[in-house]
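One letter stands for each residue in the lines below.
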Amino acid sequence: MELFTPDFGLIFWMFVAFAILFFVLYKWGWPAIMKGVESRADLIDKGVEYAQNAKEQLDHAREQADTTLAEARKQQADMLREAERMKTQIIEEARDAARKEAAKVMDAAKVSIAQERKEAEKQFRNEVSAFALDIAAKVVRDELADKKQQQKLVDSLIGDMEKQN
Amino acid sequence: MYLLNDILRKFSVCVIMAIAMALPVAAAASTNTENSGAAINPKEIIFEHLGDGYGWEVPFNHHMRMPLPVIVWGKDGLHCFMSSKIDHGQTYTDGSATFKIAGKDSPYKGKIVEIIDGKEYKPWDFSITKNVCALFITVILVILSIMSVARWHRRMGHKAPRKFVGALESLITFIYDGVIKPTLGAKALKFAPYLLTVFFFILYMNLLGLIVVFPGGANLTGNIAVTLVLALITFFITNFMGTKHYWKEVLWPDVPMWLKFPLPIMPVIEIFGVFTKPAALTVRLFANMMGGHMIVLVLTLLIFIFGAMGAAVAGATSVVSVCFSVFMLLIDVLVSFIQAYVFTMLSTLFIAFGQEDGHAHDKHGNTPLTEIEQK
Chain Y
0 MELFTPDFGL
10 IFWMFVAFAI
20 LFFVLYKWGW
30 PAIMKGVESR
40 ADLIDKGVEY
50 AQNAKEQLDH
60 AREQADTTLA
70 EARKQQADML
80 REAERMKTQI
90 IEEARDAARK
100 EAAKVMDAAK
110 VSIAQERKEA
120 EKQFRNEVSA
130 FALDIAAKVV
140 RDELADKKQQ
150 QKLVDSLIGD
160 MEKQN
Chain F
0 MYLLNDILRK
10 FSVCVIMAIA
20 MALPVAAAAS
30 TNTENSGAAI
40 NPKEIIFEHL
50 GDGYGWEVPF
60 NHHMRMPLPV
70 IVWGKDGLHC
80 FMSSKIDHGQ
90 TYTDGSATFK
100 IAGKDSPYKG
110 KIVEIIDGKE
120 YKPWDFSITK
130 NVCALFITVI
140 LVILSIMSVA
150 RWHRRMGHKA
160 PRKFVGALES
170 LITFIYDGVI
180 KPTLGAKALK
190 FAPYLLTVFF
200 FILYMNLLGL
210 IVVFPGGANL
220 TGNIAVTLVL
230 ALITFFITNF
240 MGTKHYWKEV
250 LWPDVPMWLK
260 FPLPIMPVIE
270 IFGVFTKPAA
280 LTVRLFANMM
290 GGHMIVLVLT
300 LLIFIFGAMG
310 AAVAGATSVV
320 SVCFSVFMLL
330 IDVLVSFIQA
340 YVFTMLSTLF
350 IAFGQEDGHA
360 HDKHGNTPLT
370 EIEQK
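If you're matching them up, the sequences are chains Y and F in order.
Per numbering that gives the first Met the number 0, the first sequence runs over residues 0 to 164.
Per numbering that gives the first Met the number 0, the second sequence runs over residues 0 to 374.
Be aware that one or more of the hints could be misleading.
What the hints assert, rightly or not - What the simulated footprint calls covered on chain Y by chain F, stretch by stretch (three residues with Cβ under 8 Å from a Cβ of chain F suffice, anywhere in the stretch; the number is not a length):
1) 3-17
2) 25-34
3) 61-68
If you are wondering where the hints come from, they were derived from the structure by calculation, not from laboratory data.
Computed from a predicted structure; not experimentally measured.
A virtual CB, placed ideally from N, CA and C, is assigned to each residue, including glycine.
Can you make the complete structure from the sequences, with help from the hints?
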């Protein structure tokens, strides 16, 4: 059967054609493809690794940011509370100070009033005594000729009055 | 429901197209039958289509052929002329030599012969026949395709290839990472160029053989010369690049002494195996591809065989035959890929046998394959 007897010509050309094909692909085809595929696979591997690292870092950073944020919130709350506390304290203190000041003013006023009253009393007494003296002098002038006896009498009288007071 | 309608519509379109395609063929066949004035001879038609030829058939025309160069080394030297000169049994005299294509009764049936004194002699025939021409077309297509991938890698660097280049690259990595690397291990890169070339060469030849008109249609891988050459190259690579351990395994295998000493049973079997491996490669690819082509041809010829029984039978057979041959062609597309894959895989395996180093083999009784996989 002719199907099973190989043709010499076809065998010859097959060798030639395959040799050309193999040479061309061996020289310019396969090495470029193999190298290209390999280096691209490396690049992809590296890229995946990089992406994983980046994701890890990102997760870490996010965690950190979350903790920082929570801390900040807490601090803010603390600060607000502190401020509130300080506010009430300041108001309290101010109120105290005001009270104290008021009390001081009142005391001072009292003291000055007392002093003034004393002074007024003193003045009044002096005036009264001078007035009384005048009156007494006027009264006694007639009765007492001797000035020395008169003065003694008057002094004892006033001393009695003070003791009575 | 919509999907089912869609499938039905597509199927009916296919059937109508198949019938439309079958009609001109039927017309051509009927004119042919009228011309020859005899019933068709299926065997002759099948072998004509499976075999080689000095011209290339033109669709829908049985008399015109695309002329191809004939190169022969006759008794008095080299002769080159176009095949149109010797069409239809004509003789052609080139200088002092006369050539014709041998007739049906000649032992050189269908081949070119030199006629000297009325006797036929077979010259050395280097003609660019249909198969050789298809071979060159395949080589050019494979080079263009693989170079497109190589060019991509050279120019575009690390960008991902798409479309045709991407498809080819995935095929390359499928063969390289799926077949060559697991089997050959560290030596994969050394033999990958040959194995990948073989894979793509066979795949392209197979697929081109399924195309009915010009750039395809040659039954290349269904021709034993082609598969023989490919198997021979694998055979040479296996044996000439084989390690010392490989030859020791062939000539003095690791079996009980009585199997090899007085009667060298195992060495004989092993040496026999060295030659049956390429023979198996040759026949497997050849028989598979030729079988596929033959079934499609037979199914198509059924139309003309039943055509003699009348229009109704011919019509019914046409529909059935066309459906079956479309189905067979689709299977052949799959077989084209599988056979290219199997040839590459077996070549890889045979080459790997020749590359055994043996230390793992001796100590643990492992085959080097598993050793490589473990690595």
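A quick look at each hint next to the structure:
Only residues whose C-beta sits within less than 8 Å of a C-beta in chain F count toward coverage, and the segment 3-17 of chain Y has 14 of them, enough to reach three; the restraint holds. Under a criterion of three residues with beta carbons nearer than 8 Å to beta carbons of chain F, the stated coverage of the segment 25-34 of chain Y is upheld, 9 such residues being counted. For the segment 61-68 of chain Y, the assignment as covered by chain F is violated, since 0 residues bring a beta-carbon within under 8 Å of that chain's beta-carbons and 3 are needed.
Violation of the numbered hints given earlier is confined to hint 3; every other hint is satisfied by the structure.
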